[in-house]
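Line by line, the protein sequences give chains S and R. Numbering follows the working numbering, with no gaps: position 58 of the first sequence is 58. Numbering follows the working numbering, with no gaps: position 319 of the second sequence is 600.
No lab work stands behind these hints: they were computed from the structure. Among the hints, a few may not be true.
Taking lysine-lysine pairs in the DSS-like style, the calculated list, with each CA pair at most 27 angstroms apart, reads [unchecked claim]:
id, chain 1, residue 1, chain 2, residue 2
1, S, 49, R, 936
2, S, 100, R, 352
3, R, 382, R, 341
4, S, 109, R, 529
5, S, 100, R, 894
6, R, 725, R, 687
7, S, 42, R, 352
8, R, 844, R, 878
9, R, 529, R, 368
10, R, 633, R, 471
11, S, 42, R, 323
12, R, 346, S, 49
13, R, 850, R, 870
14, R, 633, R, 776
15, R, 304, R, 323
16, R, 434, R, 633
17, R, 687, R, 467
18, S, 42, R, 633
As the structure is a prediction and not an experimental result, all values here were calculated from the model.
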Amino acid sequence: MIPAAFDYVRPTTLDEALGLLAKYGEDAKVLAGGHSLIPAMKLRLSQPKVVVDIGRLGDLRSISEQDGKIAIGALTTHYEIESSDLLRHSCPLLPEVAGKIGDVQVRNKGTIGGSCAHADPAGDWPAAMLALDAEFEIAGPRGSRTVAAKDFFVDMLTSALESGEILKLIQVPMTAKTAAYVKFAQKASGFAIAGVAAVVDKARKGVAVAVTGVAAKAYRAAGTESSLGGLELSETTIATAAQKAADGVDPLSDIHASAEFRAHLARVLAKRALELAAGRG
Amino acid sequence: MAATTENATETKVSQRYFGRAMKRVEDPRLIKGIATYVDDLKLPGVLHAEFVRSPHANAKIKSIKTDDASKLSGVIGIFTGADVNDKVGTIPCAAPLPGGKSPDHTVLAGARAYFVGHPVAVVVAETRAIARDAQDLVEVDYEPLPAVVDPEKALEEGSPLTHPELGTNVAFTWSVSGGDVEAAFKEADKVLKIRIVHPRLTPMAMEPRGCAASWHAGESSLTFWSSTQIPHYLRTLLPGLIRIPENKLRVVAPEVGGGFGSKLNLYPEEVVVGHLAIRLDRPVKWIEGRRENAAATIHGRDQIGNHEIAVRKDGTLLAIRTKIIADIGSYCQLLTPAIPTGTGNMHCGCYKLKAVRVDITGVHTNKMSTDAYRGAGRPEAAYLIERIMDLVADELSLDPVQVRLKNMPESTEFPLNTATGLVYDSGNYQAALEKAQELAEWPKLLQERDAARDAGRLFGIGVSTYVEICALGPSKTMPAGGWEWGCVRIEISGKVTVITGTTPHGQGQETSFAQIAADRLGVPIEDIVVLHGDTATAHYGRDTYGSRATALGGTAIVMSIDKIIEKAKTLATALLNSTPEKVEFNDGKFFVSGEAKNALGWGQLASEAYIAKNLPPGFEPGLEASSFFEPPNCTFPFGTHIVAVEVDRDTGQVKILKYVAVDDCGKQVNPLLVAGQVQGGIAQSIGAALMEKTVYDENGQLLTGEFMDYAIPRATDIPDFVLGSTETPSPSNPLGVKGVGEAGTIGATPAIANAVVDALSPLGIRHLDLPFTPERVWRAIQGNGGQS
């Protein structure tokens, strides 16, 4: 319950933060909302010698429209996303996902950037990021770079962030109302045993379906998507397509859900998410 | 019963507070955060202890190296079994069973560790952080051994032994029986067989354990604080263990953040802390972390029962024959063997069984010990009997409510002799059932189920009619006295001090005992203070567990008040220059009949009694009395819970749509407290029914060691309750009170279970074991079997 001793620094600019990470290397960990890092430190699963608190980098906390897309600063809290009018109108999937994360206290402190960087296989954001083909803008010692969502979530608890880099901004497209996130939560932790984000593009007759909680990292249910490509969405076509929602993945297994049950839930939730999304437009 | 003789003037007792739903006097300090829990204690010079614990379920301890840890600045000392075990006693079991075999329970591990979390060494340092750092540096060389985890496999030939020196994994065998079981089975039209499992549960009190000890070298005395339910028992048990006289030990239970039975125990950590405070001549404090709590605080339940039920075609229950395997873990803690015997003794439930036989085998495994957890053996009993009743109804194509009514005793048949030998004090099971059905709008509920089923939805209704045993209890049946002590003192100013030997830790007796005393003495409730939990103040007591405090503690207080009233009347008679038959006591005043204006109140009488200038000859100064109440019997609360659920066919999720509970705890001192207890008990039952299970893997690793993995209900999981009550007074005490602290945990799980099975019954499912997690329910629906 007591972390190992650590030093604490709180930079006031992004450049200062990057400088500190360069200086301390593997000895440093970035602190944003703290709701993944601090529990890990209390259990001594993580023992950074230096904690770099980026909470005061106000520039990284914002939600705005930029060139027909929406830019969300990495330090924007789940609560801020949940209650954003702009997002409710322009990318309603995000407030819906945000409202299902953890609980009120977690949502007040946790950040979308911190959550994505942590890349928990049962986190909620990865499903939405993949379904929206989000783009991640990363700041590093050698300048900025952009990584597509499909390349950002590398493996269980591993993102594309390299040592010394800080996630700055996430860009998502504006979408119609036809999107939905359906989650089956692990009763104790509140994390997703399975969470499915569905975005329906009625105009172009295509769907994006992304699944979290089921495998070592979130994935796009390619089989489900191609099954529906170009088709009218009906109860039958959705039901058939949803059957493929766990194809080609190795589901996780633990005391909370077996691999078989997770795969089953992926299929059930894919159907529910698609029906919900389609029904909203 | 309070002493009243033919010549005594009738004591008029007003009912201003008894029965009133009053807010608790305890709450403001708790809500404002100004209550003192163990961790809030400020002890100058205090040292902090952290325990090094085994990460293995079963292992030889080859060596313990403490050099690196000792070198850390601020570390005072590191102690292992070799340093401590021969200087203190072993942890006792207060309820051993005849023929039982258990090993010596040394306070720290000796040659072997027997469960994950077993304390192996203790670090003492100037700060908690240093102690925690040093804990990481202690090097223990373990040789892991195969773990004994499955209690049924543990009984098989060739199984590894938890304690090799015992030659067996059987800790004890015990049985209870009554009536002619063979004849009943011969007479039966049908014999049903069912295997029912009650999983292991983790109590998860909001405040984990903690204790502190301070040695007063000048007086050679020790003050010991613990987040405990049983300061009095600790005061009796600790002296032999840490080698100081009983009358040089003061034990204090400060504010305790929940016990639920998990703090009705004597733990090795408590002994170690007490010992070290004396040894180091510095105060020592230990505060448990949640992971430690999940691993090394007692667990509850964990029974596998195989049952045979003899019935007649018309639904008459003739006999039950049961074999239970109780997985008790590695050691017998304070009451470990007694818990499953409660399941045996309550095997008749609410029904007039002709014969019963229960055989229990306690099995040692490489797990934490089980012991009392809210209900302590009775939830297991109510659960298995109420599942059996539904099974009988199903088997015989009878209505589950009718089968219950058919086997219930009439309210006129009490006191009721049961086949196990228990005598139930009073009951009216039919009235509670009727009221519950009324509150549940029974006919409408049945229609709702029909409509849901027509629409293909999995909708179920479950009923549980339960009885339980509490207000423990007559001393002949208890390990070390079942009486209760209460003292009442009128101070010189007329204020009232009530001291109870019970130890409330959330039950609210500071309020309810004040209500009782205020009525009986005729004083404003604000003038009363209720003290508890400190053996320097409450000299003797049997503490709080087994839903006993109001029935027994309340009665001891009433007895003391009646003694004071009698004494005060003698004084008043002298001061009023009158004679006893002419003096009345009403509404807190003594006066000569017809001369109410010349009344003497408590303030005046107390003043006279202590200043003692006008006392009649032979009259002892003071206005104080204490009493011990020895109960003639336990009490038997009962009730009916009715639950409606819907099951999501695709995900297996269970939703509680309706929850009705009618509980009878006899007379109610404070209906708000009663409702709180019932709601809390039901909430814990919802946990047990839908989500809770303590899981050890095949290597004895605890997989549910955190709130990340052990799910307990949150506010959002709890449905709106419809609560009602009936009041069937108990003849076991003059207050007529039965006890309600555990009833909710006993009546609720079976009702939920029966509802879920009912919901699944159209699919041919007849039984499913707890907990009804989504995957377990889904598998049952798929036909892969939901048995554990």
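Each hint tested on the structure:
1. For the suggested pair residue 49 of chain S and residue 936 of chain R, the alpha carbons sit about 46 angstroms apart, so the restraint of at most 27 angstroms is broken.
2. For the suggested pair residue 100 of chain S and residue 352 of chain R, the alpha carbons sit about 48 angstroms apart, so the restraint of at most 27 angstroms is broken.
3. Taken as a hint, the residue 382 of chain R and residue 341 of chain R pair is honoured in the structure, with Cα atoms around 21 angstroms apart against an allowance of 27 angstroms.
4. Straight-line distance between C-alpha atoms of residue 109 of chain S and residue 529 of chain R comes to about 51 angstroms, which puts the hinted pair past the 27 angstroms bound.
5. For the suggested pair residue 100 of chain S and residue 894 of chain R, the alpha carbons sit about 75 angstroms apart, so the restraint of at most 27 angstroms is broken.
6. For the proposed pair residue 725 of chain R and residue 687 of chain R, the alpha carbon gap of about 23 angstroms is at most 27 angstroms, so the pair holds.
7. The hinted pair formed by residue 42 of chain S and residue 352 of chain R meets the criterion: a straight-line CA distance of about 23 angstroms does not exceed 27 angstroms.
8. Distance check on the hinted pair: residue 844 of chain R and residue 878 of chain R sit about 25 angstroms apart at the alpha-carbon level, within 27 angstroms; holds.
9. With a CA separation close to 18 angstroms, the supplied pair residue 529 of chain R and residue 368 of chain R stays within the 27 angstroms bound.
10. The straight-line distance between the Cα atoms of residue 633 of chain R and residue 471 of chain R is roughly 18 angstroms, inside the 27 angstroms bound, and the hint therefore holds.
11. At most 27 angstroms may separate the alpha-carbon atoms for a hinted pair to count; residue 42 of chain S and residue 323 of chain R meet this at roughly 24 angstroms.
12. A threshold of 27 angstroms between alpha carbons decides the hint, and for residue 346 of chain R with residue 49 of chain S the separation of about 26 angstroms falls inside it, so the pair holds.
13. A threshold of 27 angstroms between alpha carbons decides the hint, and for residue 850 of chain R with residue 870 of chain R the separation of about 10 angstroms falls inside it, so the pair holds.
14. A hinted pair counts as satisfied when its Cα atoms are at most 27 angstroms apart, and residue 633 of chain R with residue 776 of chain R does not qualify at roughly 50 angstroms.
15. Between residue 304 of chain R and residue 323 of chain R the CA atoms are separated by roughly 30 angstroms; this puts the pair beyond 27 angstroms, and the hint is violated.
16. Under the criterion of a C-alpha separation no larger than 27 angstroms, the hint pairing residue 434 of chain R with residue 633 of chain R is inconsistent with the structure, at around 35 angstroms.
17. Between residue 687 of chain R and residue 467 of chain R, the direct Cα distance comes to roughly 21 angstroms. Compliance with the 27 angstroms bound is thereby established for this hinted pair.
18. Distance check on the hinted pair: residue 42 of chain S and residue 633 of chain R sit about 55 angstroms apart at the alpha-carbon level, beyond 27 angstroms; violated.
Hint compliance for this structure: hints 1, 2, 4, 5, 14, 15, 16, 18 are broken, all remaining hints hold.
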